[in-house]
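Could you build the full structure based on these sequences and the hints that come with them?
There are 2 protein chains.
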Amino acid sequence: MINKKGLLLVLSGPSGTGKGTICKKYLEKNKNVKLSISATTRKPREGEIEGISYYYKTKQDFEEMINNNEFLEYASIYDNYYGTPKKAIFDELEKGNDVILEIEMQGAMQVKKAYPEAVCIFILPPSLLELKNRIVGRGTETPEQIEKRFNSAYDEIKKLGDYDYFIFNNVVEKSVEEIHGIVYSEKNKVIRYKNEILDMFERELEKC
Amino acid sequence: MINKKGLLLVLSGPSGTGKGTICKKYLEKNKNVKLSISATTRKPREGEIEGISYYYKTKQDFEEMINNNEFLEYASIYDNYYGTPKKAIFDELEKGNDVILEIEMQGAMQVKKAYPEAVCIFILPPSLLELKNRIVGRGTETPEQIEKRFNSAYDEIKKLGDYDYFIFNNVVEKSVEEIHGIVYSEKNKVIRYKNEILDMFERELEKC
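The listed protein sequences derive, respectively, from chains D and L.
Going by this note's numbering, the first residue of the first sequence is number 1, and it counts up by one from there.
Going by this note's numbering, the first residue of the second sequence is number 1001, and it counts up by one from there.
Since the hints were derived computationally from the structure, they do not count as laboratory data.
Note that this is a predicted model, so its numbers are computed, not measured.
Just to be clear, a hint being listed does not mean it is correct.
Said to hold, decoys possible - Lysine to any residue pairs mimicking SDA-like chemistry, simulated, CA-CA at most 25 Å apart: (1) L/LYS1132 x D/SER127; (2) L/LYS1187 x D/VAL171; (3) D/LYS189 x L/TYR1193; (4) L/LYS1004 x D/VAL172; (5) D/LYS194 x L/ASN1151; (6) L/LYS1189 x D/THR40; (7) D/LYS29 x L/ILE1197; (8) D/LYS194 x D/TYR115; (9) L/LYS1132 x D/ASN3; (10) L/LYS1024 x D/TYR184; (11) L/LYS1194 x D/LEU129; (12) L/LYS1189 x D/MET105; (13) L/LYS1207 x D/GLY137; (14) L/LYS1174 x D/LEU198; (15) L/LYS1194 x D/MET109; (16) L/LYS1174 x D/GLU204; (17) D/LYS189 x L/MET1105; (18) L/LYS1207 x D/SER127; (19) D/LYS25 x L/HIS1180; (20) L/LYS1158 x D/LYS148; (21) D/LYS148 x L/ILE1197; (22) D/LYS148 x L/ASN1151; (23) L/LYS1132 x D/ARG203; (24) D/LYS189 x D/ARG203; (25) L/LYS1004 x D/ASP155; (26) L/LYS1207 x D/LYS29; (27) L/LYS1174 x D/MET200.
This is the structure:
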């Protein structure tokens, strides 16, 4: 048999589609899958823990990491940096562990560009009405913000073509099962392991 | 949600890797999956049933079907024709049923060419030694035939790159589960359903 590297799973999609819940449930069910932790220059909030919520960095450290090409993606939002450090992810992939990364859509595309082997999954709402209800149901936004979010969600859905897989997130358990199927099948893709397999049989033939 | 067409699953690989057993078990576990039945000009043998073992055709009928482009693939073996009729398969796919086709490797490549949406799965032996044991274990072939079959198996494995997925057939239940994962994930592929999904959301937006 052959050794299989871990997969980097990128979960993205418009806000309100339930990426976070799917990610949490998937991790609960798959204990050897690691969650990618972001680095940030923003200050820790109450209850947040270094290395679990975020890796907290000074602005200087973060910029040094940028210069050393240590991020799969990063962005600057309201005077703070947020980014996905490569090292922790690549270490796990090498060990054969899968890593899951929940990220907004611009970040997802940066990751795909930096690491094309990443498997990008677009989480879709079952319907636009359902999406609207979910955004309203959060109760954290003004009607104006809700309208803006809803309109941008439709524009975001049009970017579906940049992704490998889609999931209509209707029932979270079903979505988790679908991710499971995707991971399984990606590890059976000829394009990922062709050379390893042919080498394996060639080595064996020499011994026959 | 969107309507999903059925998938055409093509199982192939060197002889002795257990394609037939996997196919049988997969059909047992997935009652709505249809098995593709070949057409042939050879005479029915005892116990064989029209429409289950084969569709039995006269030479004239078969050649008329060839001329009408009614086969996904066909071949002439020892004065008899064997072929995979398109119509029965396409009718099931349209109804949303998956169809499984177990076929030797040249036929598999003809199918892929005629119907690129087919999902081609290469069944691998866990090892060459295991393959040899299986061919010997059948007890149906002379030592010379066994040697020939074994050597051609290695050459056939080198064609792996033409396939979408591989499965190391070690434990048949595991292989069946892997096919299940492949089918699941293929139905979540953006490239298959992008237009249908975008149309669905657009129609909904008009109603919002």
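Take the C-alpha atoms of L/LYS1158 and D/LYS148, compute the straight-line distance between them, and say whether it is at most 25 Å. Since the Cα atoms of L/LYS1158 and D/LYS148 sit roughly 54 Å apart, the hinted pair is violated (cutoff 25 Å).
Holds or violated: are the alpha carbons of L/LYS1189 and D/MET105 at most 25 Å from each other? holds (18 Å)
Would you mind confirming whether the straight-line C-alpha gap from L/LYS1174 to D/GLU204 stays at or under 25 Å? Holds: L/LYS1174 and D/GLU204 sit about 23 Å apart, inside 25 Å.
Please work out if D/LYS148 and L/ASN1151 have their alpha carbons no farther apart than 25 Å. Roughly 65 Å separates the two Cα atoms, so the pair is violated.
Is L/LYS1004 close enough to D/VAL172, meaning Cα to Cα at most 25 Å? The given pair, whose Cα atoms are some 20 Å apart, holds under the 25 Å limit.
For a C-alpha distance cap of 25 Å, please report whether L/LYS1132 and D/SER127 respect it. Status violated; Cα separation ~54 Å.
Does the structure keep L/LYS1187 and D/VAL171 at a Cα separation of 25 Å or less? holds (17 Å)
Would you mind confirming whether the straight-line C-alpha gap from L/LYS1132 to D/ARG203 stays at or under 25 Å? Holds, at about 16 Å.
Are D/LYS189 and D/ARG203 close enough, with their CA atoms no more than 25 Å apart? holds (21 Å)
Decide if the proposed pair is consistent with the structure: D/LYS194 and L/ASN1151, CA atoms, cutoff 25 Å inclusive. Roughly 20 Å between the alpha carbons, so the hint for D/LYS194 and L/ASN1151 holds.
Against the 25 Å threshold, does the CA-CA distance of L/LYS1132 and D/ASN3 hold or violate the hint? holds (23 Å)
Regarding the pair L/LYS1189 and D/THR40, is the alpha-carbon distance no greater than 25 Å? Violated - the C-alpha atoms of D/THR40 and L/LYS1189 are around 33 Å apart, more than 25 Å.
Figure legend: structure checked against the earlier numbered hints; hints not met, in rising order: 1, 6, 7, 20, 22, 26.
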